[in-house]
Every structure is written in structure tokens, then in C-alpha cells.
Amino acid sequence: MSNRDIYLEALEFGKKTGADHVEVFFNKSKTLEVVIEKNDLQVPKGDKYQGIGVRIFKNGKIGFASTNLLTTESIQETVRSALDLAENSPADPDQGLPEPMPLKEVEGIFDPRGESVVLADLINKGNEFMEQTRGTDSRVTIDTASFKAEIIERAIVNTRGIQAEEKKTKFESVAMGFARDGEDVSSFDLEYLVTPEWEKLKTGEIGERLRKKVVGNLGAETIPGFKGSVILSPFAAVMLLFSPIVFGVNADNVQNGISPWREKMGQKVSSEFLSIEDDGSLPGEIGSKMFDREGISPQRLEVISNGKLNAWLHNYYTASKAGEKPTGHASGGDQSLPGIGPNNFIIKPGQESLDEIINSIDRGLIVTRYSGGSDPVSGDFSGVVKGGYLIEKGKDLKPVKEVMIAGNVYKLLHQLLALSNETQRVMNFNSPYVAIEGVSVTGK
Amino acid sequence: MLRTLKKIVHGQDEHLEIRYHKRFSTVIQFKNGILKKGERKTLAGVGIRALVDGCWGFVSTSDTDEDSLRKAAEEAVKAAREAANLKKEKIKGLGEGDAGQGKFYLYQKDEQEPEFGEKVVSLQKADGKIRDAGEDIIGSMVNYHVFQDTKVIVTSSGAEAEIFDQKSEIGIVAFGAQDGKQEMAVVSHGVTGGWKDLFAREALDKMTERVVEIVRTKLKAGYARGGDYTVILDPRLVGVLAHEAIGHTVEADFVLSGSVVADKIGEKVASDLITLIDDGTEKGVGKVIVDDEGTVSRPTVIIENGVLKNYLHSRETAHMFATEPRGNARAYTYRDEPLIRMTNTFIKPGKDKLEDMIKGIDDGFLLVGMDQGGQADATGEFMFGVQEGYRIKNGEIKEPVKGINISGQAFEVLKSADALSSEFKLDLGAGYCGKMQPAKADAGGPYLRCRVKIGGQKGEEEQDE
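Heads up: the sequence lines are chains D and L, in that order. Numbering-wise, the first sequence is residues 35 to 478 according to our numbering. Numbering-wise, the second sequence is residues 76 to 540 according to our numbering.
What the hints contain is simulated information worked out from the structure, not anything from laboratory work. Be careful, since some hints might not be right.
As the list claims (entries may be wrong) - Some residues of chain D that are not near chain L, with every Cβ distance over 12 Å (derived):
(1) Ser-150
(2) Glu-200
(3) Glu-231
(4) Lys-236
(5) Gly-253
(6) Val-280
(7) Ser-315
(8) Pro-433
(9) Gly-477
(10) Lys-478
Claimed, not checked - Some chain L residues close to chain D (C-beta under 7 Å, calculated; not the full set):
(11) Leu-110
(12) Gly-113
(13) Val-134
(14) Ser-135
(15) Ala-158
(16) Lys-165
(17) Gly-168
(18) Ser-197
(19) Leu-198
(20) Arg-291
(21) Glu-412
Ideal Cβ placement from N, Cα and C applies to all residues, glycine included.
Using the sequences and the accompanying hints, generate a full structural model.
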């Protein structure tokens, strides 16, 4: 059966059961993965998957069921199951399905080369990575490195007339390691890459970057604590600053009263030069898509403009509840009800280069990676700095260890010092280096 | 399915493990009176692992007809063969346990589950009851999850097992506010079994009353002053310590990468009073019977009267350590490969009475239940949040305190243990253990008296003011 046969069979059967409305989300994927652990190759893996998720609406009530057993019998059982859930659930007047809208195909999110990638190709990628790390410098230890190739097909159809299908590729590398020279052990560091283009998965270069980072961190010394400027790498900035922002602008969290920004629309939430937009229509970006989990075209949203909170991320439910238009941020797949998530969360870069920012700082800390918690409700965080470098008089980068930073994310957003003009993609975020002043650094 | 899987295993010359796994799950979530989730999911497929030239290859698929499975088996063999060219440390053999044969039921299969609609009504009522408790209760949440598993496992080593399992869990949350302060409390349970087993642990009405009571206590409580104290940990905290801070360090894959107990078998690592067991045959939510490599579960004595006796193994590591696997190789879904996991991990009870244990403390705390957060690493260093804390002064329970976290080195804490209650519970609640993939695990023990460091960001902040 073709993809189309499967989801249309579920939709047609849904109509026959007497449902008011039916939605079917279809997902199919082929994944290959090679993992290196403790400097050695681990179990190579292959996975093939296809499944559907069915939402049934009846008398203002909703039911959801999913299956990856795609025989006619199982599809019908799943639809009946969703109907049964709908009939036995309390009504919620804000539940509903969107109408069709014009959808635009996104360029550069499917690489046909992905079809012919086999495990042996990924094992080669792993080999190139090992040559550039441990093969070049035996002081480097690879804790975990994973190389993954995925082809994803997704489709949505509903009884309001939405019907769309899309194919994407995703190539991902996550590599973690450290360097050891006698008794001297560097902190763990990480290199991350995700791209829809096979040719861009350059694992040799990833290995080289990781090797330089961890070897550069050898000879780290403890420092006394201070209050001063901190430069977060794009990776650390996403973990520490931008993930809580995504939590704060999620309309569901706003409506549930747990977003700390629930009453801040139109107000200043950060320093003036911070602007963030979310854009799911950018060519060649990993978070780009023609339609979201509910079949809505992702809107380009100015989430924060010049420090002012400007927009929430909505799915159809939260938009209806707020009396607004959905923004195309329904997230999730076939195995669960739609949630809310960013598409491509882009932090606007600044004017200065990273070097210029470093030069402007008298005493500060560069944080390559942050390991610890951050509570998105209160904004409080405290955690350990990995791959930390002390800046003195604008230069003299010295590796440091046993350093912690702590504070409150929502306060720090008002203390931004600069954003670099160079940016990096971290998952579906694109972030510059972020310099913040007045951060408490705990040393030893 | 058993016949198809046997045909494929016997049609291959290489070592194969085939595992069909069908999971049927139901999720119900209420938040502030609104049904946020009513989901029923079927996830089924086959995971195939091949061992060729000392290297594994793993392929999973949701196409389960014979032709697709034969192809998948060939792909797994090919993957292993290709990887073997690059792998340095080759697998030299697999430990031999009892290969599971026959049908295995982990729960009472005759027990009827209530209909979805009945469950929704009960859970909605519970959610409402929390918010109706008073104006100081500003929010509520109820999460319920049940899954039924059917597995068929066939291996080249002779396992031919059909396994039927069911795990249920519930967590209810109350958010309270008073004088500008906000607090939350959680009450949760998890069992191997169905709806009836779940609420046999504690009735839903009782859970809602208790969660409100805890959040109100927290709203009124002050902070504790940090420092080293003699405390009594309740069975859930003892379970968290046994699982998170001790259990992971004795998983043989962590031992191989240099955990704190590497090379310590036969050494004294805890007080004489401590005997620590991992046992998949126990009744907790971590019950296994036959693991995902087809090995029949048997209890493992990890620590006996303070002496480290055994690690936890897969077949691969059991062979490396010249011992037998005991049912600790577990996979969460058919798409996951088996990893070394705990099952039900617990400290055996002692002979003391809780009141006597309290009487023996001049200045300390009774600590109950786990709060948000916590971490432990391969060195045995840990930090856990505590949900309820009560001051003990001169052998008597005094005022409640909040914002407590406990930290220390787990083996040092166990060396300081000087009293264990005869009362015992396996009670990790509704949580999952995470290690590349989730697993349902249980843990527990008696009330245990020991020394820990009490700290807390909140406590320090207040002292600063």
C-alpha cells in the first residue's frame, strides 16, 4: 500500500463511523545509526517504521488512537478506538480542526542521496571521525559519538479538506569526548551537527573541532569566584537561555498559567538588541516544513523584537482558545496528540565578531558547554561549566575547571552585553555567541 | 508469530536473537479540569540482533511478515559483519543463563480492566477534588498510563518464550499558593498489574487528600539550615539511593568504563547491616521473569552484609566476568537493543522499629519521598531533592521543613547506616529509569538511619537574607 492508500483508508473509515470530523497523521521513517563508545564501535542499528495517529471529533469531544500495525483490520480497530475515546471523554469547546490553507513547498530539505546511504557509509563516517580525533592525538578519548541518517515521510489529511505530504532527510552527529594527558584530564566537550544534506555531514571536520576543543582545555586550573561577564557559546546559549524562552512563549504554558511571561505580551523581556524570530519556511534548514502537525503552514513570527515580547507560538487549540490565528507550531508525530514547538528558532546576530567581544572584556569567562538544570518556570539555574576559559584583559584565554555559574535566566536576559556576528546551528536553533554581564561565577 | 520467528532463527547460521514486541498503551491526563490527553496507542514490531565475527548488528522493523523479517535478519547480519571490520574489542562469547521456554504471565490475566470511560470519570473526579480542597489550591494535574506488552523471544541459544506483562502508573499533582508563595506536591505509584492493583497500593481518594496535605505543609514550612545530619530516609528515598547512586555503579557496562566499584568485588563497601538485592522475580513494577535476551530472571545479591558480591550483567558482560546472566538485559520497545538495566532493587529490611530509630536522634530529620530533580554519577556522588522533611529534636518529630536536598557519596552513606526498620516497601512510584532508553524499574527498602549532607539552594538564599 502507498502512503496515500493508508491514510485515506483510515480517513474514509472514520467518516463511515459517524464521526463529526477526522484527522489522520501519517509518519514513515528509515533510520541508520552508528555509535562509537569508549573509543570503539558499538552496535550499528537500522530501523524502519510507519504508523498513523487518528483524531476523532464527535459532539465537541475528542479521541486519539495510534498504531503502527497497518493492516485494514488494525486501521479500522484504531479508528473505532479513537471514536470510543471521544464518546467517553468530557467535551472541550476549544477543540477543533483547521481549514485548508495554501501550503508552500520548502526547498532543500530533502536530499535524494539519502535514499542510497547504507550502514557501511556511516561506519566510514565514524572512521573519518576517529582518525581526526584519537587517530591524530592519542590524548583524546571519545566517550560517545553517534552518526545518524534518517529519511522521514510525513502526511496529514482531515475531513475539512487538508491533505499534504512531504519527504525530508536528516543527518545528525553528536560527539562527546575529553582529553587526558597523564593526570591532567580536560572537561567533557561536545560537537553537534544536524543537516538535511548528506555532503555536509563532514565527520572529519567535526572530529578535528572536538579534538582542538578538548586538547585546548588541558592544563585547566581552578580559579576564585567572581562576578563578571560570561560569553556563552551558541550551544551553551541554547541550553541555558533559549530553551527557557521557548517554554515561555509556548501558548499552552501561557494558558496553563505556568509561563513566567504570561502577562508580558508587548513588554520588555530582554535587553534591547535581542531579536528572535521563528521561521519554518527557510530553505535548507532542519526545522523547515511545508505544514505542521495539523496541516498549517508555518508562519514567520517575530517572537521578540528589540527586547519586546511580540508573539506566542500557537497550535490550533491554543489559538482558538485565545481567539487568534494558529501560527503553524503544532509539533509531534503519529504517536501523540499535537503539542507546541519551534520550527527554526533564529536569534538575530550582532555586529561584533567573537574576537572583538573577547577583547572588550576585562575579566570574564567563556562557557563552551553548560551542564546543569534550569527551571523554566522560575528561571533559576545553577550548573557546571564545561570547556571554560578565563578571559583577562581582553585576551589570555586560560582553561579553567571546577567552575559553576548560577542565576536567573529571565533576569540575565536584561543584562546582555553583546551578540556575535557569527552564528551556529544547534538542533533547530541558530544562535550567536551571547555575552552577558553581571553573572555570578563560583570558583574554588 | 512464534513459528515464524523460529523459522528465521533456525534458517540462519549466525547467532540471532529475534524479539516480537507489541505494546498497547492508554494515556489519560487531566490538567485543571480539562482532559489534555486521552490516547490509546499500539506499537508493534520486531527487533533482530545478530552476533557475527564478535560484533553485534541490530535491525528493527514494523513490517512483520515472514519475508520482511528474513530480509531484516540478513540486514542485521550484514551490519554486524561490516562493523566487525572496524571494531577493536571483539565479543568472545556470551554467558549462559537459563533460556526461557514457554508462556510467562507477569500479572493476573483474568483481572478485568475498567472501561476507558470509567477511568476518565474517576480521574476527572480526582482532578476536581484537588482544586475543590480550598482557595489555597490553585492547580491540579492527574497523569495515568497503562501498557500491556506481548513479547515473543526466540534466540539461537534456545530461548522460546512468550511473555505477557502489564504495568500501570499514576501521578497526581497539586499546586498551592499562599501569601505570594507557590509550592507543588506529587503523589505517585507504579505497579506490575492493572487498575485494581494500582489503587490497592493507595486509593485515589486517599492520594488526592494526601497531595493536598503535602502542598499545604510545604506552604507553611520554613527552610532547614544546611549541614551534616543524622537522618532517617523513608523506603522511597532508600530506593532512590539504592537504584540511582549504588545500582548504576554496579551495572557491568559502567563497571567496564571505570565506575567507583570496578575491582571491588569482595571488599567491604557498606555497613554490616546492608544487604542489597536486584530481583526481577519480585512483585514490583520492575518485575521481569524473562529478559529481552531470553534469559530467565534470578535475584542478584549485589551487597551482602556490607560486602560487594556481584555486578549486574547482560550475556556479553557475564561472559567477560566469567559469570551467569540473571535477567538484567532489557529493551523498552522492539526498536531498542537490550542494555544492562536494574529490575527491583532494594535494601533488605532490618529489625528496628521506626519510633525507636527516631528516639535515637538528638538533632536530625525524617525525610520522606523524592522531589523534582536529583542526579548521581559513576563515582557514587549523588544529590536528591526531598519532598517532605520533618525536624527531629531530642528523639521527637517536630516542625516540617521544605526545600531540602541531600547529597553525599552513596557508599559512605551506607557505611554510616546504623539502624534499619522491619517495615519494608518497594515504592519508586511512577518514574522511569533513563539510560539511552527508558525502563520501568522499582526500588525500595526499610526506613534507614544514616548520615547525609543537607543543603539546598533555597535554604542558602534564605540564610543570605
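Hint-by-hint comparison with the structure:
1. Residue placement check: Ser-150/D keeps its beta carbon more than 12 Å from all beta carbons of chain L (closest about 15 Å).
2. Separation of Glu-200/D from chain L is adequate, the least Cβ-Cβ distance of about 20 Å exceeding the 12 Å criterion.
3. For Glu-231/D, the condition that its CB be more than 12 Å from all CB atoms of chain L holds, with the nearest at approximately 24 Å.
4. The beta carbon of Lys-236/D is kept farther than 12 Å from every beta carbon of chain L, the shortest such distance being approximately 19 Å.
5. Remark: the non-interface label on Gly-253/D is consistent with the geometry, its nearest Cβ contact in chain L lying 22 Å away (cut-off 12 Å).
6. Distance check for Val-280/D against chain L: the nearest CB is about 19 Å away, which clears 12 Å, and the non-interface claim stands.
7. Residue-level check passed: Ser-315/D sits 29 Å from the nearest beta carbon of chain L, beyond 12 Å.
8. For Pro-433/D, the non-interface assignment is confirmed: its Cβ lies about 22 Å from the closest Cβ of chain L, beyond the 12 Å cut-off.
9. The Cβ of Gly-477/D lies farther than 12 Å from every Cβ of chain L, with a closest approach of about 17 Å, so its non-interface assignment holds.
10. Residue-level check passed: Lys-478/D sits 16 Å from the nearest beta carbon of chain L, beyond 12 Å.
11. Here the hint on Leu-110/L is kept, as its CB sits about 5 Å from the closest CB of chain D, short of 7 Å.
12. Interface restraint check for Gly-113/L: the shortest CB-CB distance to chain D comes to about 5 Å, inside 7 Å, so the restraint holds.
13. Taking 7 Å as the C-beta contact cut-off toward chain D, the hint placing Val-134/L at the interface holds, the least distance being around 4 Å.
14. Hint status for Ser-135/L relative to chain D: holds, with the closest Cβ pair at about 5 Å, below 7 Å.
15. Annotation: Ala-158/L was flagged as interfacial toward chain D, and the flag holds, the nearest CB pair being 5 Å apart, inside 7 Å.
16. The closest approach between the C-beta of Lys-165/L and any C-beta of chain D is roughly 10 Å, which is over the 7 Å cut-off, so the hint fails.
17. For the restraint placing Gly-168/L at the interface with chain D, the shortest Cβ-Cβ distance is roughly 17 Å, beyond the 7 Å limit, so the hint is violated.
18. With a least beta-carbon distance of about 12 Å to chain D, the hint placing Ser-197/L at the interface is violated under the 7 Å criterion.
19. Interface restraint check for Leu-198/L: the shortest CB-CB distance to chain D comes to about 11 Å, outside 7 Å, so the restraint is violated.
20. The criterion of a C-beta within 7 Å of any C-beta in chain D is not met by Arg-291/L, whose closest approach is roughly 20 Å, and the hint is violated.
21. Checking Glu-412/L against chain D by beta carbon gives a least distance of about 6 Å; that is within 7 Å, so the hint holds.
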